[in-house]
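Colleague: Residues per chain, in single letters:
There are 2 protein chains.
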Amino acid sequence: MPYKNVRRLPPLLASRRMTREQYDRVLPPLRDALLAAQKRLADEKPFALAVIVTGVPTAGRSEIVNQFLEWLDPKHVRVHALDVLRTASHARPVMWRYWNVLPPRGQISFFFMGWYADCVYPALRHRKQAQRHHARALERIRQLERMLPQDRVHLMKLHLTVGRELQQERIHKLRADKLTRWRVTREERWLARHYDDVMKVAQRCMLDTQQPQAQWHRIDGSDPQSRSFAAGQLLLEELERGFGPSTPAQEPEHRASRHPTKMRSFPTAPPGGPPADDEYDLELETLRGRFALLVRRNRFRKHGAVLAFEGMDAAGKGGCIRRLTSALDARQYTVVPVSAPSQEELSYPYLWRFWRHVPKRGEIAVFDRTWYGRVLVERVRGFTPEHDWRRAYDEINEFEHQLTEHGLIVCKFWLSVSKREQLERFHARDDDALKRYKRDPEDWKNRRLFDAYGQAAREMIGRTSTDLAPWTVVEADNKKFARLKVLRSVCEAIEAAMK
Amino acid sequence: MPYKNVRRLPPLLASRRMTREQYDRVLPPLRDALLAAQKRLADEKPFALAVIVTGVPTAGRSEIVNQFLEWLDPKHVRVHALDVLRTASHARPVMWRYWNVLPPRGQISFFFMGWYADCVYPALRHRKQAQRHHARALERIRQLERMLPQDRVHLMKLHLTVGRELQQERIHKLRADKLTRWRVTREERWLARHYDDVMKVAQRCMLDTQQPQAQWHRIDGSDPQSRSFAAGQLLLEELERGFGPSTPAQEPEHRASRHPTKMRSFPTAPPGGPPADDEYDLELETLRGRFALLVRRNRFRKHGAVLAFEGMDAAGKGGCIRRLTSALDARQYTVVPVSAPSQEELSYPYLWRFWRHVPKRGEIAVFDRTWYGRVLVERVRGFTPEHDWRRAYDEINEFEHQLTEHGLIVCKFWLSVSKREQLERFHARDDDALKRYKRDPEDWKNRRLFDAYGQAAREMIGRTSTDLAPWTVVEADNKKFARLKVLRSVCEAIEAAMK
Numbered sequence: 001m002p003y004k005n006v007r008r009l010p011p012l013l014a015s016r017r018m019t020r021e022q023y024d025r026v027l028p029p030l031r032d033a034l035l036a037a038q039k040r041l042a043d044e045k046p047f048a049l050a051v052i053v054t055g056v057p058t059a060g061r062s063e064i065v066n067q068f069l070e071w072l073d074p075k076h077v078r079v080h081a082l083d084v085l086r087t088a089s090h091a092r093p094v095m096w097r098y099w100n101v102l103p104p105r106g107q108i109s110f111f112f113m114g115w116y117a118d119c120v121y122p123a124l125r126h127r128k129q130a131q132r133h134h135a136r137a138l139e140r141i142r143q144l145e146r147m148l149p150q151d152r153v154h155l156m157k158l159h160l161t162v163g164r165e166l167q168q169e170r171i172h173k174l175r176a177d178k179l180t181r182w183r184v185t186r187e188e189r190w191l192a193r194h195y196d197d198v199m200k201v202a203q204r205c206m207l208d209t210q211q212p213q214a215q216w217h218r219i220d221g222s223d224p225q226s227r228s229f230a231a232g233q234l235l236l237e238e239l240e241r242g243f244g245p246s247t248p249a250q251e252p253e254h255r256a257s258r259h260p261t262k263m264r265s266f267p268t269a270p271p272g273g274p275p276a277d278d279e280y281d282l283e284l285e286t287l288r289g290r291f292a293l294l295v296r297r298n299r300f301r302k303h304g305a306v307l308a309f310e311g312m313d314a315a316g317k318g319g320c321i322r323r324l325t326s327a328l329d330a331r332q333y334t335v336v337p338v339s340a341p342s343q344e345e346l347s348y349p350y351l352w353r354f355w356r357h358v359p360k361r362g363e364i365a366v367f368d369r370t371w372y373g374r375v376l377v378e379r380v381r382g383f384t385p386e387h388d389w390r391r392a393y394d395e396i397n398e399f400e401h402q403l404t405e406h407g408l409i410v411c412k413f414w415l416s417v418s419k420r421e422q423l424e425r426f427h428a429r430d431d432d433a434l435k436r437y438k439r440d441p442e443d444w445k446n447r448r449l450f451d452a453y454g455q456a457a458r459e460m461i462g463r464t465s466t467d468l469a470p471w472t473v474v475e476a477d478n479k480k481f482a483r484l485k486v487l488r489s490v491c492e493a494i495e496a497a498m499k
Numbered sequence: 001m002p003y004k005n006v007r008r009l010p011p012l013l014a015s016r017r018m019t020r021e022q023y024d025r026v027l028p029p030l031r032d033a034l035l036a037a038q039k040r041l042a043d044e045k046p047f048a049l050a051v052i053v054t055g056v057p058t059a060g061r062s063e064i065v066n067q068f069l070e071w072l073d074p075k076h077v078r079v080h081a082l083d084v085l086r087t088a089s090h091a092r093p094v095m096w097r098y099w100n101v102l103p104p105r106g107q108i109s110f111f112f113m114g115w116y117a118d119c120v121y122p123a124l125r126h127r128k129q130a131q132r133h134h135a136r137a138l139e140r141i142r143q144l145e146r147m148l149p150q151d152r153v154h155l156m157k158l159h160l161t162v163g164r165e166l167q168q169e170r171i172h173k174l175r176a177d178k179l180t181r182w183r184v185t186r187e188e189r190w191l192a193r194h195y196d197d198v199m200k201v202a203q204r205c206m207l208d209t210q211q212p213q214a215q216w217h218r219i220d221g222s223d224p225q226s227r228s229f230a231a232g233q234l235l236l237e238e239l240e241r242g243f244g245p246s247t248p249a250q251e252p253e254h255r256a257s258r259h260p261t262k263m264r265s266f267p268t269a270p271p272g273g274p275p276a277d278d279e280y281d282l283e284l285e286t287l288r289g290r291f292a293l294l295v296r297r298n299r300f301r302k303h304g305a306v307l308a309f310e311g312m313d314a315a316g317k318g319g320c321i322r323r324l325t326s327a328l329d330a331r332q333y334t335v336v337p338v339s340a341p342s343q344e345e346l347s348y349p350y351l352w353r354f355w356r357h358v359p360k361r362g363e364i365a366v367f368d369r370t371w372y373g374r375v376l377v378e379r380v381r382g383f384t385p386e387h388d389w390r391r392a393y394d395e396i397n398e399f400e401h402q403l404t405e406h407g408l409i410v411c412k413f414w415l416s417v418s419k420r421e422q423l424e425r426f427h428a429r430d431d432d433a434l435k436r437y438k439r440d441p442e443d444w445k446n447r448r449l450f451d452a453y454g455q456a457a458r459e460m461i462g463r464t465s466t467d468l469a470p471w472t473v474v475e476a477d478n479k480k481f482a483r484l485k486v487l488r489s490v491c492e493a494i495e496a497a498m499k
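In order, the protein sequence lines correspond to chains A and B.
Under my numbering, the first sequence has 270 at position 270, and the numbering climbs by one with no breaks.
Under my numbering, the second sequence has 26 at position 26, and the numbering climbs by one with no breaks.
Quick caveat, the hints were computed from the structure, so don't treat them as lab data.
Among the clues, some could well be false.
Repeated chains share a single entry, so a pair holds when one copy, or any two copies, can fit it.
Said to hold, decoys possible - List time: in silico DSS-like cross-link candidates among lysine-lysine, alpha-carbon distance up to 27 Å: (1) Lys479 x Lys75; (2) Lys480 x Lys200; (3) Lys75 x Lys360; (4) Lys419 x Lys479; (5) Lys499 x Lys39; (6) Lys419 x Lys480; (7) Lys173 x Lys499.
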């Protein structure tokens, strides 16, 4: 929901002309300060900065970005200009490509149109058809822009504007000279012809995405010196604000969900007892065949699947995963083992390392431990402050929402093992030389927190089990039962989605 | 060229049956040793291991990989099964996707069919048509497999084979049962029907790619226990060999090129004097327009370009690059600034970090410093042993060959500045507050080695200027002249390629 108290357009900057002499006088200290700030950012890496540059044609979007590139040390700067997705059947969820190029801390990235191109252009061109998608597109953007600053990717959003007459004049001038004619694309001429519509859509879009930590700045593009200087000053302010004391964190959006759900411990023993050996063998092979055929069907190419496994140590995740993957062609799936984040991963927003592994349509990604680490191990062991893991529930729900709305089938399994069974498996590992590598001093530390993990898991499941991405609790004290149940659930979920 | 002295098939391993009891007795110590070796690999990271598993259907390729996954700690293992490229118009050079998933040091990666699928299947299916591509495909593989072990990605190549009768029997058995019928794909049945052809192509391919550091191992897949054990033993041997003393480095293939080329210093002053200001402005705009129109042509979408800039410090690379990119739509190009490799980049083969940035068809990548760092700064400053930078000439030529044969237009510029002009620019930087960030103590260190750099550059240009990827030496003592010459060369190269 947009924040009502900021639902007005920001003031228009740089509307006063600046002479060349004035500019030459004020620029040097600004450039100096910018370079110093950038150097500090690159050295200390307290945050990353994503600068989104939008606006109307001829208002000076590329000139501003080129200006920045000349002023800053190019080593720590990237420029991204992602084309509008023209097909609805792209291989991955829409936001995937933006996640893919988010700046790590210490870096400044400039995004031409940022993630707004996918949202603004369809709204302009196919108004009727796009309406229902448009609201959701804005929602995705708002959620992303709430999350990024909290994950220390600061945002600066510039909108460059210019009056209709001046725009026409500039286009005519560029097109009149055959040397500069190529600078005006067909798309830009279309946009110029629809000036009023463009302004309306752009302004509404700005209003809808105006949030405390992701404010828009409007810059008048009429005067080249003035607009450059204004953009430079904004950048400097943004960098300096970043070095200052951090702004108070925003509250998670859905406050209601903060009340802990009441739920008893999960069952761990298979209802109806463990399966007999011969029954198990037959059913395993049957389910495996069913699964294999399902993912080979043509319709599955429009979907793809994300299979997520969580559970206490020794709950049997690996065994379940191998029973699934042995039914698959190795070209169709990846297993993503998730452990403590690497130094590189820590320099990006939390969900970055999971977005990277989102499968293409028709493919399957199996996660051995998942993005839920945030509200399990990181919460229980105190690796992450409460505010950060609390907001993760909403962020995860949104992440999975984006997967499912893209067509991906999301199944999440909590392998529920009793404290006693876990102990037995630990001891079996000690005896079995082959499983020694699985012994980890961390396991015993985690075991002492068994109940805290259980409680965290119950809250997690209460808050993140949605219709489209439900949790399945698997009674895992018996491995064979667990494997069959997992395979069966996956088959049923795929059948339901492809019906 | 294949090495003649090893042009015979390796012996067939695991052809003796092993009973379940024997297997259960010999396996535990093997698994134990494998885990210990893997742990050591992950801790000390002395090398990476790429295991390529090829073979005929039903010989047990996936079973072997699954076996390894069960035996090893999955955290440091990846499995890749890249589908055959079915279209000739893929966006990037064929080897790109393999570079993209090479293991970093400390990791073991399994490749189903490795980089052989693209080479074997076309040779089987469209024999006539593929012949001329086939020789080149083998050459690319041989070159890669010579380079990787020297860059500390060790290779282990397995070929699983099984007799025609046993293969038929296994296929019939799997297809007779509706539970296992799905396990035999149509492609596998095709391959089984053409058993003799498959064996012939596979064996020739093995012979053609048998090299000292990338030997093939043939495993008889008739007996499940025996083949598993043999594969496990090979893996253990390979790991242990990796920890041992490193094998003597191979000589670069083209010995002839080791004789230094004789060449005088490069010119630095613009022939015909510097351009006048008004001439410069007009010609810059003309060239920019010509360049802009060229890359907007439909034909350019079948190409794409790689523009590489090298030169002494302060030679004016950044200025030339900005004059080029200001003619482009930001969506069409990326500038890749290259500096000292990061910790992550150092854990991969040298060329990995450049392959990552190879552009798609129709796109342009501009490298501000390049892969030639190996034979310039790394050579002159002694960061890299002589043997490694010496072999880089051939490796780079092959890299660029792969780019150009894919259709990419490769232009390489050496901006040649005189020692005196460089000094003047350094001093100008000291005076100009805005360029302070460009001052780097390294610059002065490099300046003391000016002549050594010049010599390295001359040898580099002599050895890596090829018809398809030529060097252009740009007299850079005058910035304006240099910018015009660069723009003009790029336009001419694109026009020549699109003729």
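Colleague: Are there hints from earlier that the structure breaks, and if so, what are their numbers?
Modeller: Going through the list in order, the structure violates hints 2, 5, 7 and respects the others.
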